[in-house]
Amino acid sequence: MYSDKVMHHFTNPHNVGEIPDADGIGKVGNPQCGDVMWLYIKVKDDIITDIKFKTFGCGAAIATSSMITDLARGKTLEEAKKISRQDVADSLDGLPPQKMHCSNLAADALREAIKDYESKRAAKGT
Amino acid sequence: MTSSPQKRIYFDHSATTRVLPEVLDEMTPYFLSKFGNASTIHSFGREARIAVEEARKRVAALINAEPQEIVFTSGGTESNNLAVKGVAMYKGKMKGHVITSAVEHHAVLEPCDYLKRFGFEVTVLPVSSEGLIDPGDVERAIRNDTVLISIMTANNETGTIQPIRDIAKIANSKGVPFHTDAVQAIGKLAIDARADNIDLLSMSAHKFHGPKGIGALYVKRGTKIEPILQGGGQERGLRSSTENVPGIVGFGKASEIAKRDMERTCQKMKILRDKIIKRVPEMVPNSYVNGHKILRLVNNAHLRFDFIEGEGLILDLDLKGIAASTGSACSTGSLEPSHVLLALGISNEQARGSLRITLGRENTEEEVDYLLQVLPGVVSKLREISPFSQGSPMTPGGGESCVQ
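These protein sequence lines map, in sequence, to chains A and B.
The first sequence begins at 20 in our numbering and counts up by one.
The second sequence begins at 407 in our numbering and counts up by one.
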């Protein structure tokens, strides 16, 4: 049902955790009816220098969370915003069709985290 | 220490069971040499017919019924469909009232929903937080036009055993046919169809070490029912289709074994089951047992863990060689948690952290000990990944709303 890559990321997820002094946090999903992902980023010179996640959800949700941290680390904010749910799924050698909402979540969480960072920066007026 | 064992451990016996070698041995000739159609009159047909009728006696004996009261079907789903539709729509009737419960299998709930399309009314009774139906609720729901009451013997997810004797007695006194889906209970509970006032009862062979694709509906003599499959008129006109002779033979043998070994196997499974439902809540914080503590099938341990999702549990246990199941959402391709757990009043997010361990006669204490050894670690690992914890509760509004 899952690709080897999905199982690898589920079994040994990369970048699990929180960043206490994160520059941006993206929280998406609802435990009542779906998966939940909290994504933390550190940004320096418009580049994502650190990224961590916490996820409540199925195996695909955990694997896509892990994968997006790999895809986004070291990217500029503009590059990171372009990462789509399809990119996440493709990087995992595909997902079962009914699981596509999970990878959707990971890309959404990243965009939310970037949005949070940008709005905080705007508020500071820098 | 927690590396994969050489042997795989099967804890999903409510999903299906292994065909016992002695069952397969009896079936084999009916594929290879005695392959006749049981409705033909030559020697090939006659030997098949004899085998079918012998099997019918064995299946009937398991529930203390008459052999002619057993109608062979393709399994539990068909038996439930035949009971619900065949009784409600008897003689082309297109209205009436059916009583069932919120925790029935989809193979009962969906046929009931289907009846509504034609003008039937359906009362779906609630259950207690332990999953029990109140027989008083059944009595109060009965109307002049009630044509059928369908309440399962034991639940497929939580294993909760319903008071079907009391319910059947009420139905009987009001003259309403009583059907029970006994698919999960057969072989784990002694059932006496006659003494228990049951009019219709669904069975499935593969749930107790028989083959898949064969089941039966017990139809008490005199019950008004008509077929849902029209054709060659097999099974006294109630179930057309060439008899599945090898399946029927295997079903018969599995029934004989179930009756013969029930006391011993139930005692063994109960000891192992009790060890699981006692130890897990002691070892794992924020873990619970779903369903009734005592009125539950001897082989069912249904557990719930806060802050995590069931599919991860199943995947991680599978990596450690243990096969179990979850009633939760993502694993079945929809995001709706189990209707059974929700009926118990468990919240959506909590229902999603459920794990169903269902034992079989062949499971050993070593296998249960291995489960108890690895399960706490699996739960902790997933909890480390989860954003939720004691200090960060799973608030329903924690994220965006539930948009379809």
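Keep in mind that the hints were calculated from the coordinates and are not lab data.
Fair warning: this is a prediction, and the values are worked out from it, not measured in the lab.
Among the clues, some could well be false.
Capping the alpha-carbon separation at 25 Å, the derived lysine to any residue pairs in SDA-like fashion look like this [as the list claims (entries may be wrong)]:
| no. | chain 1 | residue 1 | chain 2 | residue 2 |
| --- | --- | --- | --- | --- |
| 1 | A | 24 | A | 41 |
| 2 | A | 71 | B | 798 |
| 3 | A | 71 | B | 527 |
On the chain B side, residues computed to face chain A include the following (Cβ under 7 Å) [stated by the list, open to error]:
| no. | residue |
| --- | --- |
| 4 | 668 |
| 5 | 694 |
| 6 | 721 |
| 7 | 724 |
| 8 | 751 |
| 9 | 754 |
| 10 | 755 |
| 11 | 771 |
| 12 | 795 |
| 13 | 799 |
| 14 | 800 |
Virtual Cβ for every residue (Gly too), placed ideally from N, Cα, C.
Each hint tested on the structure:
1. A:24 x A:41: violated, 28 Å
2. A:71 x B:798: holds, 17 Å
3. A:71 x B:527: violated, 53 Å
4. 668: Since the shortest Cβ distance to chain A is 36 Å, the answer is violated.
5. 694: violated, 17 Å
6. 721: Check passed: Cβ of residue 721 of chain B comes within 5 Å of chain A, closer than 7 Å.
7. 724: violated, 10 Å
8. 751: violated, 15 Å
9. 754: Check passed: Cβ of residue 754 of chain B comes within 4 Å of chain A, closer than 7 Å.
10. 755: holds, 4 Å
11. 771: Violated. Min distance 29 Å.
12. 795: Constraint on residue 795 of chain B not satisfied, violated at 10 Å.
13. 799: Nearest chain A Cβ about 10 Å off; hint violated.
14. 800: With a minimum Cβ separation of about 5 Å from chain A (threshold 7 Å), the hint on residue 800 of chain B holds.
Comparing the model with each numbered hint stated earlier shows that hints 1, 3, 4, 5, 7, 8, 11, 12 and 13 do not hold.
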